[in-house]
Amino acid sequence: MTVIDAGHAPSTPSGSASVLAVDRPPSVLRQALRMRRTQIGLVVAGVMVAIALFGPYLAPYGAREYVGSPNVRNAPKTRFGTDYFGQDVWSRFLHGGRSILILAVCATILGVGLGTLFGLAAAYARGRTDELLMRALDILLAFPQVLLSLVVIAMFSPSGFVVVLTVGFTTVPRVARIMRGAAIGVVERDFIGAAEAIGESRRRVLFSEILPNVSATLLVEANLRLTYAVGLIASLSFLGFTPELNSANWGLMIQENGSALTVQPWGVFLPTFAIAALTVGNGLISDGLSRVVAGIDRGKANV
Amino acid sequence: MDINDPSTHDPASSSGGISRRDLFKGVGAFAITTGLIGGIPLTASAATASKPKRGGTLRVGVVGSTNDILDAQTIVAKADQARLMAGFETLLAFDENFKPSNKYGLAESVVGKSTTDYVITLKKGIKFHSGKAVTADDVVYSFQRLLDAKLALPSYKALKDFIDPAQVKKIDARTVEITLLKPSVDFKSTLCAYTNTIVPVGYTREGTQIGTGPYKVASFTPGRESRHVRNASYWQKGKPYFNEVVIQDFADKPALVNALRSGQIDAAIDVPLTDIGPLSTTPGVKVNEVAGGAWLTIVMLTDKAPFNDPKVRQAMRLVINRQEILDRALQGHGRLGNDLFGYIDETYNANKFAQRTQDIAKAVALLTAAGYSKDKPLEVDLPAPDDTGGLIPMAQAFAEQAKATGGILKVNAKAMDSTYWDTTYAKTPIYTSYWSPRAYLAQIGATAGYGETLYEKTNTKYNDLYVAAVGEADDAKRLALIKQLQQFDYDDGAYIIPVFNSFADAYKDKLQGIVNRPGQLNLDYYGRGFQELWFK
Amino acid sequence: MRHTPILRFVAKRVLFGLLTLLVISVLIFGVTQALPSDPAAVMLGRDATPEAVAALRHDFGMDRSLPSQYTHWLGGVVSGDLGTSFSTRLPLSEYITPRVANSLFLLACAGLVSIPISLAIGAYAALKRDKGFDNASSLVLLVLAAMPEFVVGTLLVILLATFVFKVLPATTYLSPDQPPWADMKGLVLPVLTLVCAVTPYVARVMRASMVEVLESDYVEMARLKGMPERTVLLRHALPNSVGPVFQVIALNLAYLAGGVIIVERLFNFPGIGSALGEAVRSRDLPVVQFLALVIAAVYVLTNLLADVGTVLVTPRLRTRL
Numbered sequence: 001m002t003v004i005d006a007g008h009a010p011s012t013p014s015g016s017a018s019v020l021a022v023d024r025p026p027s028v029l030r031q032a033l034r035m036r037r038t039q040i041g042l043v044v045a046g047v048m049v050a051i052a053l054f055g056p057y058l059a060p061y062g063a064r065e066y067v068g069s070p071n072v073r074n075a076p077k078t079r080f081g082t083d084y085f086g087q088d089v090w091s092r093f094l095h096g097g098r099s100i101l102i103l104a105v106c107a108t109i110l111g112v113g114l115g116t117l118f119g120l121a122a123a124y125a126r127g128r129t130d131e132l133l134m135r136a137l138d139i140l141l142a143f144p145q146v147l148l149s150l151v152v153i154a155m156f157s158p159s160g161f162v163v164v165l166t167v168g169f170t171t172v173p174r175v176a177r178i179m180r181g182a183a184i185g186v187v188e189r190d191f192i193g194a195a196e197a198i199g200e201s202r203r204r205v206l207f208s209e210i211l212p213n214v215s216a217t218l219l220v221e222a223n224l225r226l227t228y229a230v231g232l233i234a235s236l237s238f239l240g241f242t243p244e245l246n247s248a249n250w251g252l253m254i255q256e257n258g259s260a261l262t263v264q265p266w267g268v269f270l271p272t273f274a275i276a277a278l279t280v281g282n283g284l285i286s287d288g289l290s291r292v293v294a295g296i297d298r299g300k301a302n303v
Numbered sequence: 001m002d003i004n005d006p007s008t009h010d011p012a013s014s015s016g017g018i019s020r021r022d023l024f025k026g027v028g029a030f031a032i033t034t035g036l037i038g039g040i041p042l043t044a045s046a047a048t049a050s051k052p053k054r055g056g057t058l059r060v061g062v063v064g065s066t067n068d069i070l071d072a073q074t075i076v077a078k079a080d081q082a083r084l085m086a087g088f089e090t091l092l093a094f095d096e097n098f099k100p101s102n103k104y105g106l107a108e109s110v111v112g113k114s115t116t117d118y119v120i121t122l123k124k125g126i127k128f129h130s131g132k133a134v135t136a137d138d139v140v141y142s143f144q145r146l147l148d149a150k151l152a153l154p155s156y157k158a159l160k161d162f163i164d165p166a167q168v169k170k171i172d173a174r175t176v177e178i179t180l181l182k183p184s185v186d187f188k189s190t191l192c193a194y195t196n197t198i199v200p201v202g203y204t205r206e207g208t209q210i211g212t213g214p215y216k217v218a219s220f221t222p223g224r225e226s227r228h229v230r231n232a233s234y235w236q237k238g239k240p241y242f243n244e245v246v247i248q249d250f251a252d253k254p255a256l257v258n259a260l261r262s263g264q265i266d267a268a269i270d271v272p273l274t275d276i277g278p279l280s281t282t283p284g285v286k287v288n289e290v291a292g293g294a295w296l297t298i299v300m301l302t303d304k305a306p307f308n309d310p311k312v313r314q315a316m317r318l319v320i321n322r323q324e325i326l327d328r329a330l331q332g333h334g335r336l337g338n339d340l341f342g343y344i345d346e347t348y349n350a351n352k353f354a355q356r357t358q359d360i361a362k363a364v365a366l367l368t369a370a371g372y373s374k375d376k377p378l379e380v381d382l383p384a385p386d387d388t389g390g391l392i393p394m395a396q397a398f399a400e401q402a403k404a405t406g407g408i409l410k411v412n413a414k415a416m417d418s419t420y421w422d423t424t425y426a427k428t429p430i431y432t433s434y435w436s437p438r439a440y441l442a443q444i445g446a447t448a449g450y451g452e453t454l455y456e457k458t459n460t461k462y463n464d465l466y467v468a469a470v471g472e473a474d475d476a477k478r479l480a481l482i483k484q485l486q487q488f489d490y491d492d493g494a495y496i497i498p499v500f501n502s503f504a505d506a507y508k509d510k511l512q513g514i515v516n517r518p519g520q521l522n523l524d525y526y527g528r529g530f531q532e533l534w535f536k
Numbered sequence: 001m002r003h004t005p006i007l008r009f010v011a012k013r014v015l016f017g018l019l020t021l022l023v024i025s026v027l028i029f030g031v032t033q034a035l036p037s038d039p040a041a042v043m044l045g046r047d048a049t050p051e052a053v054a055a056l057r058h059d060f061g062m063d064r065s066l067p068s069q070y071t072h073w074l075g076g077v078v079s080g081d082l083g084t085s086f087s088t089r090l091p092l093s094e095y096i097t098p099r100v101a102n103s104l105f106l107l108a109c110a111g112l113v114s115i116p117i118s119l120a121i122g123a124y125a126a127l128k129r130d131k132g133f134d135n136a137s138s139l140v141l142l143v144l145a146a147m148p149e150f151v152v153g154t155l156l157v158i159l160l161a162t163f164v165f166k167v168l169p170a171t172t173y174l175s176p177d178q179p180p181w182a183d184m185k186g187l188v189l190p191v192l193t194l195v196c197a198v199t200p201y202v203a204r205v206m207r208a209s210m211v212e213v214l215e216s217d218y219v220e221m222a223r224l225k226g227m228p229e230r231t232v233l234l235r236h237a238l239p240n241s242v243g244p245v246f247q248v249i250a251l252n253l254a255y256l257a258g259g260v261i262i263v264e265r266l267f268n269f270p271g272i273g274s275a276l277g278e279a280v281r282s283r284d285l286p287v288v289q290f291l292a293l294v295i296a297a298v299y300v301l302t303n304l305l306a307d308v309g310t311v312l313v314t315p316r317l318r319t320r321l
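Chains as they are written, first to last, in the numbering used here: chain G, 1 to 303; chain F, 1 to 536; chain P, 1 to 321.
Note that these hints are calculated values from the structure, not bench results.
Any given hint might turn out to be false.
[To be verified] Each computed SDA-like pair below joins lysine to any residue, with the alpha-carbon atoms no more than 25 Å apart:
| hint | chain 1 | residue 1 | chain 2 | residue 2 |
| --- | --- | --- | --- | --- |
| 1 | P | Lys166 | F | Thr282 |
| 2 | F | Lys160 | P | Glu51 |
| 3 | P | Lys128 | G | Met35 |
| 4 | P | Lys12 | G | Leu132 |
| 5 | F | Lys403 | G | Arg34 |
| 6 | P | Lys131 | G | Arg34 |
| 7 | F | Lys403 | G | Gly258 |
| 8 | F | Lys182 | P | Glu51 |
| 9 | G | Lys77 | F | Lys403 |
| 10 | P | Lys131 | G | Arg36 |
| 11 | F | Lys410 | G | Leu245 |
| 12 | F | Lys410 | G | Gly160 |
| 13 | F | Lys286 | G | Gly258 |
| 14 | G | Lys77 | F | Lys304 |
| 15 | F | Lys427 | P | Arg57 |
| 16 | F | Lys150 | P | Gly83 |
| 17 | P | Lys12 | G | Leu140 |
| 18 | F | Lys427 | P | Pro36 |
| 19 | F | Lys304 | P | Pro50 |
| 20 | G | Lys77 | F | Glu108 |
| 21 | P | Lys185 | F | Thr221 |
| 22 | F | Lys457 | P | Gly83 |
| 23 | P | Lys185 | F | Gly263 |
| 24 | F | Lys127 | F | Glu108 |
| 25 | F | Lys403 | G | Leu58 |
| 26 | P | Lys166 | F | Pro283 |
| 27 | F | Lys150 | P | Gln69 |
| 28 | F | Lys150 | P | Gln33 |
[To be verified] Just so you have them, the derived chain F footprint on chain G, three or more residues with Cβ under 8 Å:
| hint | segment |
| --- | --- |
| 29 | 80 to 92 |
| 30 | 134 to 142 |
| 31 | 246 to 260 |
Ideal Cβ placement from N, Cα and C applies to all residues, glycine included.
Excised from the complex, chain G in its bound form:
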């Protein structure tokens, strides 16, 4: 998960450029939807998102409510028994997705937004500014996201806000690389020169001319980053860095119930399954989209 930009790393000598062959997002979506894997991904991710968003309304008990003796697999009036703390496993499962999802979406918007801005600006500015900006971001890349998050969260104590900022900011350099790669091809094209010639402001060129032409890549990237953000936030919770002490969170559930795995496996099974389904479903969508955009299936990824 996280971090690796490999599959589409622009650092590969080939990288970038593929975007040119591509249409605007609506048609990308339509094409992607014709693929079986995208359809499956959409269904799986859709179900998990629905559980995450509406689960709290369906949960029979509160996230921290005490329902009976801890770690009892067939506790009365529960579907999957009680967890390490005498709480209803099923209810915690239903409560445990919303915060991860919301934090991940916010972090993705922040990271992809800023990353796109930096990437496009670097590509458009070219020359020294480009070099400086990208090298500065490269330095941040030298730290794995988990490591940076670990330190930053230790600095400020885990709140939802800090988690979003941390995950968002550590995503920036990774997105910037990709978006710069995609934009470089666009910047070279005639219509940019034309727009400049008729006196459009640089900001307008950036947002009205370049951005729409890389929006398909942006779509793929945003979805991919969302998958990683979900994984990273869940991982941080697993390491014990979580703002959700008073509610529930799938990553935290795995950590909390890990020691009772053999006694009460549901406390680990359900959240593990949930995170896996959410990330895999989303990954399938990303894959469908990137196949349309980059034409992986046609072997054109590295053209």
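For this one, chain G is given, so just place chains F and P on it according to the hints.
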């Protein structure tokens, strides 16, 4: 005066978390034992009928980390405790009835000439691991080290008001006389605190680890393991029995329990309470559960708003559901608390107070009287350190219980890392804490020494009663004073004490010599530094 | 004559790498200093006295100015004196070196297993493009790539160590005097988890690269010349498609250096990942600083090697220099 802390163990332990710092260190204070202590039921004292056998390597597992230290007079975590016990000894040690005794101690006798003047005589022929004889100079040096503010040993805060290192005087090679700054009815208990050990002149943590204990330190790698070889010239003839003791660190409790199950280790110190059931039915494995007097607590600083208002303190005590905390945070392995400490003390139930239970209506009435309402609720952050099992669950459970007030009291449980000790402990208006078992007056001394509640500062009557009780040699008169103190604790004090927690060890059944006794260190003082343990 | 531009290129990259590391060292030092709480007070815990905190701060060198602390630290690192761990009071070289060795061994195992597997999967999928194997492998790799390591690891524990098959230990056990290969059985699950995390990326790039080569003119030419397919594949297609994969392998190795934090925690493996987590918690600044620097250095170094490697194996880039 004081009482010492007998047992020291880490409460945390009981509840299944990783326990890093152990407050239970032998905070040494003093203990009042005479007469007051001793009501502890003896569960099993006649350990084994068969004769101990020599030989073998004992492998002991304990949760530890790279923060482990090896120091004769202090610990950071439980792993350090086991290592300390193997290598170092005190002048006196608690016997099975929790009374100071010289059986396992280096002193031949400790005689109180008055409540302020004590004469210590060393046993003959005891040698350090280096071969040097233990002398009065070593005793003097050991006290100087314990009272060195720069070292911040656990005994410092508890002893500084009672002992001036300059008043620890060598009389002859085997005799030392100590004149206390304040009277103490039982100085002997202080000498039993397991961190108040005797070290050779010049001992430092960084130097060679030389003590008098049954095993000599051969190697120590923090976070990994330590090896202790048999002290062949140990002063108790014939002991110890193993050739070597290896103390192995595990990152967490699941790993520790797995290691015992798979036979990597012979004994696991402090297994999670949730594992007691499954482990005790595992063939070849025995569990030693001790219902200790260690406790988990929520502390309300009485000099800070809003808890300087007694109504608010009382309301908090009525909101908490103690039985639920016992069931949830300790899985039932412990005893209900009643906002009184000193469970192991004979005086614990002197007043026969009614068990306090949750009473939301009364709590809401008190909070309303204190000026809070749904529109102006009392909102508190309740910080709990993650290095001590049981505290975070307790905080979480309490936060959930507070919802019953319908929004007048809002509690937000907050997990903290080790910075808890710097930013939170004894600083924020409300926080969680924990203690090892101590006799009643010793606990007041320790609480005051750490400035944990500041209750004795905000209630001068309470403080006067305490000073009088510590200096009172007459048992009946002292008991009367203690009953008055406890009335304050119960009605008005700074602690919410929901539970006393148990702790448990598990071991292979070939391991012999383990005694189940309440209120003591794990494995009954680690088999007295492993000297009582042997393989069948 | 032909070598000079390459040498100049390498020298430039090395210089740039060192510069990056210098900036990174400032960053690391700044961030660790900004961590809230006084390490001395944290270290002393409940028993802290003002005298002891002051003495400890002096021992730690924290009573000096920040620039002086920084230069002292950097000078130490450069000259091989890594400083002393706050919490264990052991020299870092003594305390952390075995852990670095353990982690490197874990990484090496993961790399040695995952690289050939991913190259093989990628190449074979390219050959069987759009057929059964290609579709199946891409789906499996996709699933593995999407899941966080701790989920993959937990699933492996459920599958191989607890419920389904009880064949492997759930944790690693290494005694300090043992080399990392002393517990190979315990190493299986951590290595497998890392392999699952990394294989998908390398395989995907290998597949794309191989597809490209297979469609290229010279492979077509070789075929037209009547060379046996085997020779075409092994002599022409394979070597030429590995080039672009270098970068990705490098990126992944660097990534693994971070991934070990979670995997080591999950499997109780005594490496840098578990040490780092503990050090952050207990404010053991020298350990945090050193490990962060090591991880960053691994990244810089692997990138450097990949850049140079790519240039060396790719003829058209070499001539461009």
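To see whether the hints hold, each was checked on the structure:
no.	hint	verdict
1	P:Lys166 x F:Thr282	17 Å, holds
2	F:Lys160 x P:Glu51	14 Å, holds
3	P:Lys128 x G:Met35	19 Å, holds
4	P:Lys12 x G:Leu132	16 Å, holds
5	F:Lys403 x G:Arg34	50 Å, violated
6	P:Lys131 x G:Arg34	18 Å, holds
7	F:Lys403 x G:Gly258	28 Å, violated
8	F:Lys182 x P:Glu51	24 Å, holds
9	G:Lys77 x F:Lys403	22 Å, holds
10	P:Lys131 x G:Arg36	15 Å, holds
11	F:Lys410 x G:Leu245	14 Å, holds
12	F:Lys410 x G:Gly160	19 Å, holds
13	F:Lys286 x G:Gly258	23 Å, holds
14	G:Lys77 x F:Lys304	44 Å, violated
15	F:Lys427 x P:Arg57	21 Å, holds
16	F:Lys150 x P:Gly83	22 Å, holds
17	P:Lys12 x G:Leu140	21 Å, holds
18	F:Lys427 x P:Pro36	16 Å, holds
19	F:Lys304 x P:Pro50	22 Å, holds
20	G:Lys77 x F:Glu108	63 Å, violated
21	P:Lys185 x F:Thr221	24 Å, holds
22	F:Lys457 x P:Gly83	43 Å, violated
23	P:Lys185 x F:Gly263	16 Å, holds
24	F:Lys127 x F:Glu108	14 Å, holds
25	F:Lys403 x G:Leu58	20 Å, holds
26	P:Lys166 x F:Pro283	19 Å, holds
27	F:Lys150 x P:Gln69	23 Å, holds
28	F:Lys150 x P:Gln33	24 Å, holds
29	80 to 92	holds (count 3)
30	134 to 142	violated (count 0)
31	246 to 260	holds (count 4)
Hint compliance for this structure: hints 5, 7, 14, 20, 22 and 30 are broken, all remaining hints hold.
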